[in-house]
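Engineer: Numbered per the UniProt record's numbering, the first sequence spans residues 1 to 574.
Calculated from the structure, these hints are not laboratory results.
Each hint can be trusted.
Below 20 Å or equal to it, Euclidean Cα-Cα: the simulated SDA-like pairs (lysine to any residue) are:
1. K552 with Q570
2. K484 with E541
3. K309 with E196
4. K324 with G343
5. K172 with S205
6. K179 with E168
7. K400 with T193
As the structure is a prediction and not an experimental result, all values here were calculated from the model.
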Amino acid sequence: MRWTQTFIHTLRQDPSDAEVVSHRLMTRAALISKVAAGIYNYLPLGLRSMSKLQAIIREEMERAGSAELAMPAIQPAELWQESGRWFEYGPELLRMNDRHERDFCFGPTHEEVITDMVRRTVTSYRQLPVNLFQIQTKFRDEIRPRFGLMRGREFVMKDAYTFHADAEDLDKAYRAMEKAYCRIFERCGLGYTQVEADTGNIGGSESHEFMVLADTGEDAILSCPDCHYGANVEKAEAGPVPSAPDWPLDRSDRPKSVHTPEMRTVEEVATFLGISPAHLIKTLIFETDEDFVAVLIRGDLEVNEIKLKNELGCTHLQLASEAKIEEITGGSQGFSGPVGLEGVRIVSDPSVMALEVAATGANAADAHLIGVEPGRDFEPSMVVEIRLATAGDPCPSCGKDLVEKRGIEVGHIFKLGTKYSEKMDCRFQDADGNDQPMIMGCYGLGVGRTVAAAVEQNHDDKGIIWPLPLAPFEVVLVVLNADKPAVVEAADSLYVQLIEAGIDVLFDDRPERPGVKFNDMDLIGFPVRVVLGGRGLEAGEVEVSLRSDGEKRATPIAQMVPAVQALLVQLRSQ
RNA sequence: CGGGGCGUAGCUCAGUCUGGUAGAGCGCACGGUUCGGGACCGUGAGGCCGGUGGUUCAAGUCCACUCGCCCCGACCA
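Turn these sequences into a full structure, and let the hints steer you where they fit.
Structural biologist: Below, the structure is given as structure tokens:
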């Protein structure tokens, strides 16, 4: 491809709305351009990178036994009503009507459509398993789209679905997918880690996320420096906590109220009372699907809302509003406590029950209670492990201290079980003639997000440094002095040689000044560069270099193609 | 959804407080000089100052509404 025949218009200045490196560079390098919040054009260069990733995905999915199909972007409401998600999904689901006022949505995922398709066709265990994937544009009306392709509203995703007669067979497919994902990210040259994940509202029994490690990642993960354990903080098991220091104040037969004007935070109250944050019982009022719950956690610890949600078995969970807190507790926010609290369930973390003496809010304005003894002064309706794990907690598999890292979630695989097959009546007859729901798995991989993650992980202050497999072009041929016919003629010939050698090359044939061309070449980040100018031509040489090291290798013109090929081989073997 | 900010040339932004002929840099076009790491000189094109309504002799500037975009928050009291 010639530069003058494609559409590459780089930006000299940073776009005003780009925050993270990948968004900034992908915009400046003319890979993407914004159409609306969270909605982008994939420009020719960006599309090439996306296509290359898609080709890798296709190969690996097929290797893992999955067949490609394509499902519609627009889906009828009926299917979503059947699964119940029409009502559960909320405003993230983009809904629309056709001219007959029938309800549709733009698919954010395709469990409903594929389950419907499979149930119409598959009736016997002899037809199982089924393993299908698609690469498709999806839409999720995110609360706050940001970071370019990292959290867009419209995005390209590979999603696969499997259907099985039994759990062992699902496990087999799950392991194959796991392996396929590892191969995909390895082939892309990305540093990634696989972590245990929560299954979220989508449901299911086992789940892993694939995270590309990057400081700008939106997810916190805990991993073990020694063994292979890694988990999303939402999922990570919290180890035992060190017990609180000795209670520094007097003990009494019953809690004593103290005046704590405007002391709302744990820090403030602890300092004011002269106790440790670990002596406080933090009391949070949550709103669930049907009621309100008071949740107790030791003052120096945090609640894992995902664990709490799972323990409560609810789908909706959020902190109650200020007004509700006052209605329920009689005190304002920051002054809630379990003592004498009535009308709501009280859920406590074991860390609270382990306290001998504690302090907590008095459910009254500007007052806290001291000398509170869990079990004597209040009795929770439920004691469950709901603490958020943090760095320093012991690894569940080997006991070492876990460390926290940040990552970009690029893949997520689930064992769904029968959640959708039961609701949507997707059943089969087993060998004994019994009617059973199929057991399902689903496997997502963000295509745009993976490309963005690659940029996030591979760049310098000049621009992108593409890993070879995802580069829009593997090689760029740059002609300087494009006003001199002899140089142009020589460059044309080099271009033809590269094309004939089957090399993936972009020919920068623009009549631009050298500085402009060099800067664009660095910004876009083609892995291998071939530069020919008047000076070189006279010496019978071209300059071959790598984006990654910048070292210029003067090469006889006749040796250009083999020199480029050698560098490509070198890059491939890295 | 709450808080904050911003919409002025293709891009990045001044000008708005204090109302009075629409600005800069980059980019673009033309001419010239340059030509191996974002050149220089000259000439020029390019704006319903996001939209609607109001105040005023007069609005990019003040007021109201509205649309769009960005940031923070929406979880630890």
